[in-house]
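Colleague: With chain C fixed as given, assemble chain W onto it according to the hints.
In the order they appear, the protein sequences are chains C and W. The numbers in our numbering rise by one with no breaks, and the one at position 159 of the first sequence is 309. The numbers in our numbering rise by one with no breaks, and the one at position 494 of the second sequence is 577.
Just so you know, the hints here were simulated from the structure itself, not pulled from any lab data. Here a beta-carbon is modelled for each residue, glycine too, at the ideal position from N, C-alpha and C. Every clue listed holds true.
To give a feel for the contact side, a few chain W residues facing chain C, derived at Cβ under 10 Å:
| hint | residue |
| --- | --- |
| 1 | V275 |
| 2 | N283 |
| 3 | N334 |
| 4 | G339 |
Label pairs and their in silico Cβ distance ranges:
| hint | chain 1 | residue 1 | chain 2 | residue 2 | range |
| --- | --- | --- | --- | --- | --- |
| 5 | C | I352 | W | H627 | 44 to 52 Å |
| 6 | W | K591 | C | G198 | 52 to 60 Å |
| 7 | C | R210 | W | I531 | 51 to 59 Å |
| 8 | C | G198 | W | W116 | 33 to 41 Å |
| 9 | C | G326 | W | P648 | 52 to 60 Å |
| 10 | W | A161 | C | S221 | 46 to 54 Å |
Which chain W residues stay away from chain C? Per the calculated CB distances, all over 10 Å, these:
| hint | residue |
| --- | --- |
| 11 | L135 |
| 12 | F387 |
| 13 | M422 |
| 14 | Y555 |
| 15 | V645 |
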Amino acid sequence: MAQAVVATTEHGAVAPADAHGTHATNTGVSNAKLGIWLFLSSEALFFGAFIATYFLYRGRDAQFLKGPKPSDMFNIPFTSVTSFILLMSSLTMVLALAAIQRGDHRQLRVWLLATALFGLTFIGGQLFEFTEFYRGGLKLSTNMFGTTFFVLTGIHGAHVTMGIVWLLVLWGRSSGGHLPQAKSEAVEIAGLYWHFVDIVWIFIFTAIYLIPQH
Amino acid sequence: MTTVEDAHALVLAPERRIRILERPRRTTGVWSWFTTVDHKKIGILYGSTAILFFMAGGIEALFIRLQLARPNGTVLSAARYNEFFTMHGTTMVFLLGMPIAAAIGNYFVPLMIGARDVAFPRLNMLGYWIFLFGGLFLYSSFFLGGAPDGGWFGYAPLTSTPLSQGFLPGRGPDFWAVGLIMLGIGSVATAVNFLVTILNMRAPGMTMMRLPVFVWMMLVVAFLTLFAMPSVTAALIQVFMDRNFHTNFFNAAAGGDPLMYQHLFWIFGHPEVYILILPGMGIVSEILPVFSRKPLFGYAIVVFSGIAIGFLGWGVWAHHMFASGLGPVAVSAFSLSTMLIAIPTGVKIFNWLGTVWGGQVRLATPMLFALGFIAQFTIGGLSGVMHSIVPSDTQQTDTYFVVAHFHYVLFGGLVFAVFGGLHYWHPKIFGRMLNERIGKTTFWLMVIGFNLTFFPMHFLGFEGQPRRTYTYPKGMGWDTLNLLSTIGAFIIAVSVLTYLVNVIYTTKRGPIASRDPWDARTLEWSTPSPPPEYNFLHTPIVTHRDEWWHRKYTEDDEGRLVRLPAGAAVAMDEPADEPDADAHGIHMPSPSYWPMVFALALPTLGYGFVFKNWWILAAGATLGLFAISALAIEPPTEPEPEPAQRELVAATGEVH
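Bound conformation, chain C alone:
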């Protein structure tokens, strides 16, 4: 029983062989990892629905671009930098996982914090951009671009924010000595979520900023 066996050891102690719950499962993938993959597949369709909504309205220029034009408001270099920072946070996430897998808890905490900080920078950039657009006259109700843009990127931002909270909880657990090497899968699963949110941003960034708005 995978569920019945749980690592009760703290730092340094050797956990039971099936602490990850891997050895008892039929697929060979641990329950938690299979669970997060399935959850992410559902999330992919959730974002898919909003991206599809964006593209459906995008071609309808008269109503889509009524009022302030997105092309006038975009600050592509700025958004590219914050996007780059978000993508780099995937690298620090990988480094965090590598650190806990080799038992380096100090490095784990450094990279977890770095990842959260990069995520926060991205969110800060998004809030700045929202404010700028709002001051420039683009609101939820202004046109179809305002409607689809704010809701799609806002929902993505909410996902990043939840990821940041998750990373900080892991950091707190590790600082308190409650995240032993044997539980590295907890970091791996948070990482899967984090990478997923990053990949979704690549699609959103391409759809909104890179495809020309006529």
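Modeller: Frame of chain C; chain W shown alone:
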């Protein structure tokens, strides 16, 4: 060696940790039902709650029928009627259909695959609490500014137009959108749990092609739920944003497209139909072989037909939109795909008939319900094929013919299968047999009541009576059939009451059920009735499909059934006679408060959104963050007490 003092220190150790809520340990008593992570208790909670909501939705239906019993009825106002048919549909789909499958699945999937619990016990409990609180949240709208009144499908822009200029003046659509988002979160959690449990936790030898068909159907349903819910969640968020924050998703004047709502809703809505009916098909596929004393005819074909229905179910959604002007190409394509999905469904019906054919049929109550399912589901399936023909569908759209069709599928199909399942598994769950005479009364009353209610609706539809309309004038020729339909509805109500009487009556008076009262085929019947908390003393080693049957029977040289000597069948596992002989070695997941606390955060956030109150929102967010952190930090299973400590505990009775 551990001394008594050491052991005592160990016992006290957890209490030194600072906790806001000490971890619950009791697995008996009333309070344990709030903290349990046992899949069987959660199954009972799901089932009893779903039946309560079933009665609420049924009472709404009775009011609808009273209103329509006579022309120019005055029982309900038009506004109240809108609330009642909306809440009736929403209740029956989200608060009966999906949770009752989760109830039976929760209780029996682990038992059928030879597991001791589901993959994520606390997530399981969380799913239940979200369902309960989501349902109460929806129903609280009756007292907080008006219940949902835009139909269970909630078409935009009717539901999405802002309150200030709204067609729907109350808070109903807000409660509806937020409530369904909440229930969707619970459903996805439950779906992930079922998927991981079935894919990962099967007993040794329980290969996929040895899984009971019910488990297969729950697997397909879980995939459908996982992929259908996001679409409707997106649509509901957009409706809520339009209504409350002045976005324009469905506002045609600003360039929004109401058709997009219909697409997003029905991309969810049609798979939802299969989410509702496939568990029923699974239940029937379990009952028929047992009461025919034959294996299921064409197991592999039934399984693959179920998977085929699951796949094709994604390609038929627009047949709900034939009247919306999609254009001839799209309409023809969806017409064809709809005809196509009738094939695997028809295949299953023939498999069920083939199972009964030539069997030693026992007409016990579960079997009656299963046979009723086949007959009535076939009628509903045939009127469904009629809808695939576009001109015919255009004629029938929004008439009572459609109401007749989907009630034949969902009531004549799903509800009959569920009642069959409830009668079939009752002895396993409660350890008492239901009364057969009352059970048969329930069945016959339900068959008569159901057909009397819904068969006339076919004719009413052809004669043009529109759905969702609170009254009709005299002289339309609809009077008699409507009155018959109303009488039928009350007969259904009586049949449901007889079932409840049966359950209450047999709690004390029913004969004690043996572990296998029906001479059944699947693993759940190898455990005592009711099963112990850990299900199986030893994890079963599976060598056959219908494993339990093969442990009881073998065939002689001429292919006749021969019962194995008594005792051989249960040799692997006999905890009933020696209670807890070895059960100490089995370490089950520990109870927890946090699923309930986290689930409480969701309706709190919901009220915050509906009333746009930042304080309530902040309270909900804080509660949610706090509870989910606690869930993450708390280990699913508390460390096993050391042997010496266990003796001490046994002596002082502290932990148990």
